[in-house]
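Colleague: Between the sequences and the hints, there should be enough to build the whole structure, so can you do that?
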Amino acid sequence: MKRIIIADDSATARMFIKRCLQIIGLGDAEIVEAEHGKEALAAAKEQCPDILLTDLNMPVMDGETLLKWVKASPKLCELPVIIITSAGNPAKEAQLLKLGARQVINKPVSPPVMMNALKDFLED
Amino acid sequence: MIEHNPFFEAMKQAVSQTLENMAFVEAMEHYDQNYELPAEDLVWTSMLIMDPVQGELHLAMSKTLLVKLTTAIFALDVDEVTEDQLHDSLDELLNTIGGLFMSNLLADNQTYRLGLPEFGEGKLPAPEPNSVIWKLMTTDEDPLQIIATGAPLVALKD
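Protein chains in written order, with the working numbering: chain H, 1 to 124; chain W, 1001 to 1158.
For the record, the hints were derived by calculation from the structure and aren't laboratory data. One thing to keep in mind: the hints can contain errors.
Some but not every residue of chain H turned toward chain W, in silico, with C-beta under 8 Å [to be verified]:
| hint | residue |
| --- | --- |
| 1 | S86 |
| 2 | P108 |
| 3 | P111 |
| 4 | N116 |
We treat Cβ as the ideally placed atom computed from N, Cα and C, and that holds for glycine.
Modeller: What follows is the structure in structure tokens.
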């Protein structure tokens, strides 16, 4: 069973992402929810997820800082990180990909876009 | 009528895309551009635009409409929706609308930064004199308003 961490301060956004995951065939994945980057980082260290989906704009620790911490951690540096954000455009996307993000998705997220972003992950 | 320049169109497109994608409803210009949202039953949320221009966006609607949208977003019955879900869904709607608005408005090589939305109820804070207001409605004719304030943000319409 896949284990997925969803980090977003909005319960609405987390629910919406979970619904997209169900629609694309990941309904049986174990979902770990986090309200900010610090919580997501702690969960990632503890639970060894298969993938991390994170918002950018969050209190306590934002998604960009989370991405940098994940990529700097010997234990987590191979963890695929997908950014799901309302503050994304080509310039920001390039910046985040350079930092090691696997994909950047703009909100509002939809099942086809999620499917495309997780294509490699679904094929594993 | 709402003016048809890129600033106005960017917001209309952002609202349409967000409501259609998240709550499965369509949004359009309100047929009566003189209507005012009643202060009673009014809910709103505000979010700062921090970079590259400074300003603030407000999204306001009746609580009745917010309940409709939230039940659609969460796939719940009306009596199952909590106050927290109502607040959070309105905040997330504005967060998504604000991001799309800035993305539609700015050049591809220009990044932007948004604040965190803050929920409010009752009378809206008095808008600044140069504010821009989008008076919209859903296909069920439920009205909603978006207000952009702050001189640097509003100046983008020129």
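Colleague: At a threshold of 8 Å, is the proposed contact between P108 (chain H) and chain W supported by beta-carbon distances?
Modeller: holds, 4 Å
Colleague: Verify the interface restraint on N116 (chain H): the C-beta must sit less than 8 Å from at least one C-beta of chain W.
Modeller: Constraint on N116 (chain H) not satisfied, violated at 15 Å.
Colleague: Mind checking the CB of S86 (chain H) against every CB in chain W and telling me if the closest is under 8 Å?
Modeller: This interface hint holds because 3 Å falls under the 8 Å limit.
Colleague: Under 8 Å is the threshold here; is the Cβ of P111 (chain H) close enough to any Cβ of chain W for the hint to stand?
Modeller: Since chain W brings no Cβ nearer than about 10 Å to P111 (chain H), farther than 8 Å, the hint is violated.
Hint check: violations occur at hints 3, 4; the rest are consistent with the structure.
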